[in-house]
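Let the hints inform the model, and build the full structure from the sequences given.
Position in the sequence shown (first residue = 1) + 1425 = the working numbering.
Hints are computed from structural coordinates only; laboratory data are not their basis. Where is the CB? At the ideal position from N, CA and C, for every residue including glycine. Possibly wrong hints are sitting among the right ones.
Unchecked claim - Computed cross-link-like contacts, DSS-like style, restricted to lysine-lysine with a CA-CA straight-line distance of at most 25 Å:
1. K1482 x K1471
2. K1503 x K1530
3. K1541 x K1503
4. K1555 x K1567
5. K1503 x K1550
6. K1550 x K1482
7. K1555 x K1495
8. K1471 x K1573
9. K1550 x K1479
10. K1555 x K1482
What the hints assert, rightly or not - Computed beta-carbon distance windows for the label pairs:
11. E1540 x Q1487: 20 to 30 Å
12. M1478 x V1569: 16 to 26 Å
13. R1459 x M1548: 43 to 53 Å
14. D1480 x A1440: 48 to 58 Å
15. Q1552 x S1446: 49 to 59 Å
16. S1572 x A1536: 52 to 62 Å
17. E1532 x V1569: 53 to 63 Å
18. R1527 x L1501: 13 to 23 Å
19. E1473 x Q1553: 17 to 27 Å
20. I1576 x M1478: 25 to 35 Å
21. G1492 x Q1525: 32 to 42 Å
22. I1467 x S1446: 24 to 34 Å
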Amino acid sequence: MRETTRRLFSKLQEAEKRHQSDRAAYETSISHYRREAEHSGIALRKAETELEMKDLKLEELQRLLTGMEKEHQILLQKVRDGEMQLEDLRSSEKDKAAEQERSAKLEKEVASLREKIHHLDDMLKSQQRKVRQMIEQLQNSKTVIQSKDSIIHELKERVAYLEAENLEMHDRMEHLIEKQANPGTFHSRTRSKSETVSSKRFTKPLGPKPLPLIRVLET
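Take a look at the structure:
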């Protein structure tokens, strides 16, 4: 009986060491990810503050883009009007010198308007591209942080489970020692301790809530 008890006691000690080793590894991982999460949380709060500021800038940018689009339409209409006047001058039989001077002036105006339109188009495309990149970067940051939060949540669950297992193993070893020393009082104490351990068993909590998504601007 004593030999059997010693073997069982030895096995329980080995199992406890393995669990403690696993627990230490999980806690090390948790500590690592917790530090990362803290840094990421700071970065996220900073990003959210920047996002609020950028939302205001986006509204301002949208107003600017609307104004630029209106200006674009006005310039196009001026180009069309200038081209029509040029056509009228070319078909007219009036004073050739005045016609040529007016025609040259209109051609310069039309060329200048076309250059402005081209520059305006480039500005519109550049601003829209910057807006898309800014929103995508913020969304990627939130996705990374959510992933790290999920890892931390899972590791905490594992540690809690191992803690419950360790409590149960300690209880078993105490019972074995007590049984060997006082066989008569063992049964009455076993039930109360088992109930205490079972009440401490780990219950899996719900997962973390997902972070809000950001809608990417469509162009």
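Hint check:
1. K1482 x K1471: Holds - the C-alpha atoms of K1471 and K1482 are around 16 Å apart, at most 25 Å.
2. K1503 x K1530: holds, 14 Å
3. K1541 x K1503: Holds - the C-alpha atoms of K1503 and K1541 are around 12 Å apart, at most 25 Å.
4. K1555 x K1567: The given pair, whose Cα atoms are some 19 Å apart, holds under the 25 Å limit.
5. K1503 x K1550: Given pair K1503, K1550 holds - Cα atoms ~22 Å apart, limit 25 Å.
6. K1550 x K1482: holds, 17 Å
7. K1555 x K1495: OK: K1555 and K1495 at ~21 Å, within 25 Å.
8. K1471 x K1573: With Cα atoms ~17 Å apart, K1471 and K1573 stay inside 25 Å; holds.
9. K1550 x K1479: Given that 25 Å is the threshold and the Cα spacing comes to 18 Å, the pair holds.
10. K1555 x K1482: holds, 12 Å
11. E1540 x Q1487: 20 to 30 Å: holds, 25 Å
12. M1478 x V1569: 16 to 26 Å: The hinted range 16 to 26 Å holds for M1478 and V1569, with Cβ atoms some 21 Å apart.
13. R1459 x M1548: 43 to 53 Å: Because 45 Å falls inside the window, the suggested range holds.
14. D1480 x A1440: 48 to 58 Å: holds, 56 Å
15. Q1552 x S1446: 49 to 59 Å: Hint holds: Cβ distance 56 Å, inside 49 to 59 Å.
16. S1572 x A1536: 52 to 62 Å: holds, 55 Å
17. E1532 x V1569: 53 to 63 Å: holds, 56 Å
18. R1527 x L1501: 13 to 23 Å: Holds - the Cβ-Cβ distance for R1527 and L1501, about 21 Å, lies within 13 to 23 Å.
19. E1473 x Q1553: 17 to 27 Å: Holds, at about 23 Å.
20. I1576 x M1478: 25 to 35 Å: With Cβ atoms ~30 Å apart, the hint holds.
21. G1492 x Q1525: 32 to 42 Å: holds, 37 Å
22. I1467 x S1446: 24 to 34 Å: holds, 32 Å
Against the hints set out earlier in the document, no violation occurs for any number.
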